[in-house]
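Q: Residue numbers (the working numbering), protein chains in the order written: chain R, 1 to 119; chain Z, 120 to 492.
No wet-lab data here; the hints were simulated from the structure.
Note that the structure is predicted; figures quoted are calculated from it, not measured.
It is possible that some hints are incorrect.
What the hints assert, rightly or not - From the structure, some residues in chain Z lie toward chain R, with a derived Cβ separation under 8 Å: (1) 179; (2) 343; (3) 347; (4) 367; (5) 368.
To be verified - In silico PhoX-like pairs for lysine-lysine, Cα to Cα no more than 25 Å straight-line: (6) Z/253 to Z/323; (7) R/80 to Z/446; (8) Z/230 to Z/323; (9) Z/308 to Z/195; (10) Z/230 to R/44; (11) Z/423 to Z/438.
Glycine included, C-beta positions come from ideal geometry on N, C-alpha and C.
Listed here are the chains, written in short residue letters.
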Amino acid sequence: MHLEPTIDTPEVTYTRDQHRLIIRGRSLPEDAWSFYEPVLDWAKDFIANGHQELTIEFFLEYFNSSSGRYLLELLSTLEKSPQQIQVVWVSEPDDELMVEKGEEFSGLVSIPFVFRTAS
Amino acid sequence: MPGDNVPSNVPSMMVPFFIALRDVRLMFAYRGPLSDHLTDGIISISEHTVSGQEEMSRVNRKVSFLLVECFQNILKHGEKSPDGNLLSENAVFSFRAFDDSFYINSINPLKPEDRDRLAEMVERVNRMDRAELKTFYKQQLEENAISSKGGAGLGLIELARKSGQPIRYDFEEEPSGMLLFHNQVYFRKNSQRPEFSFTEATKKLRFELIRHRILLIYKGDFSQGAILPLLDIIELNVGRNSSSSETRRVGHVLIELLQNIGSHAAISADGTREGMLAISREAGAMVIRTVNGISEDADPSALKKRLDELKNKDTQTLKRLHRERFKASLNSPVRSSSGLGLIQIAKAAKGQIDYSIHTEQNGERFFSLSVRV
């Protein structure tokens, strides 16, 4: 899966050989459901196809509250998977609100989170 | 009825300001730190509105050119402090779009001794027809000796050539002795409509901007195409004198606020959801104020209830509340994030979110909000 970034939606890339899903950029679409529906479908397929492991890397500059709802749905879908899954949550060094948002996600799902600061 | 207004402690200048700009489709004024980075954002905002106006879309490229030229004139020729920084708190760059006309205004601090030379140059350019302007432009290009700062005359000639209208100007002497140069360039498709009276309006605008410490004010459409360039302007320009951490907080708050207006504001005559945004720096914080009309059939009591619920809550309580609602949103049959944005704003704010619902004599209702970040 690969979705190119736009001025208000993030890049979404899954690389099978690296077992990595990257969501990076700004997520501010007015209609977040239309944007995230294929990503949620991909997550269901991922679980059904029995891949071994997955690292989800988030590096978001901004996301609106409706995007937040679908990011939580994505994590909530993937946490049901028997595969080993972890999240790497990357934020800019001066963006404490983005760290807080990551911590909130981390508290709401059972997937382990690693927090990193962008260099 | 006016008596229904609740509560009354909100900075109320936004509502009368918004009402006074009723006929203006787009108004943008900027008094913040100036840099070349502002140019792209200004053009994006203008293009978004102008390209959607049947009457004006053909002049879109000219408007963009004039915006850049006027803005760069401020950067190039504005009076600098001894350390070389532009005295930007005194400079105001603004533009307004009506249905069939577009006005670009700048107020620029100058040295008093520049007055006569500048007035003479504008008068000379204004007396010329198209052919004369073209010849004069070439002549000045060759001589290239008009201004010690380079090309002052060339800029004015280009403004007159591209707008096809005389350049309006005025001088205002500040009690401090500083000289302000007021300048207006415009397009008008309909000459029946009286020309916008610029000096009085821009003097008043500048007075209000300084009085309320406003760095940026925007009135217009709040659809995505307009608010994304605003976000960039605030990140790259308004925030230049702030810490990057503060600028990011402002960004997070603005996204929720502006998208809320874009989704819920009353629809104006031209079919857009419009509102107004002002950003100021007051007592060590950035203050964001917004106002928008409330649709006739909308009941603002749900919004009022949500905002009142957030009053006097500490950060930990707000975090807990957000977490509970966020989790619950997954099980909600309606795919919405309603209310979460407001809690996020409250979490990022320094202090309360102030709001008011104001009803005019004619029944029109306005929602205004103010938050310190």
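Q: Sort out which numbered hints this structure fails and list those numbers smallest first.
A: Numbers 1, 6, 9, 10 - these are the hints that the structure violates, sorted from lowest upward.
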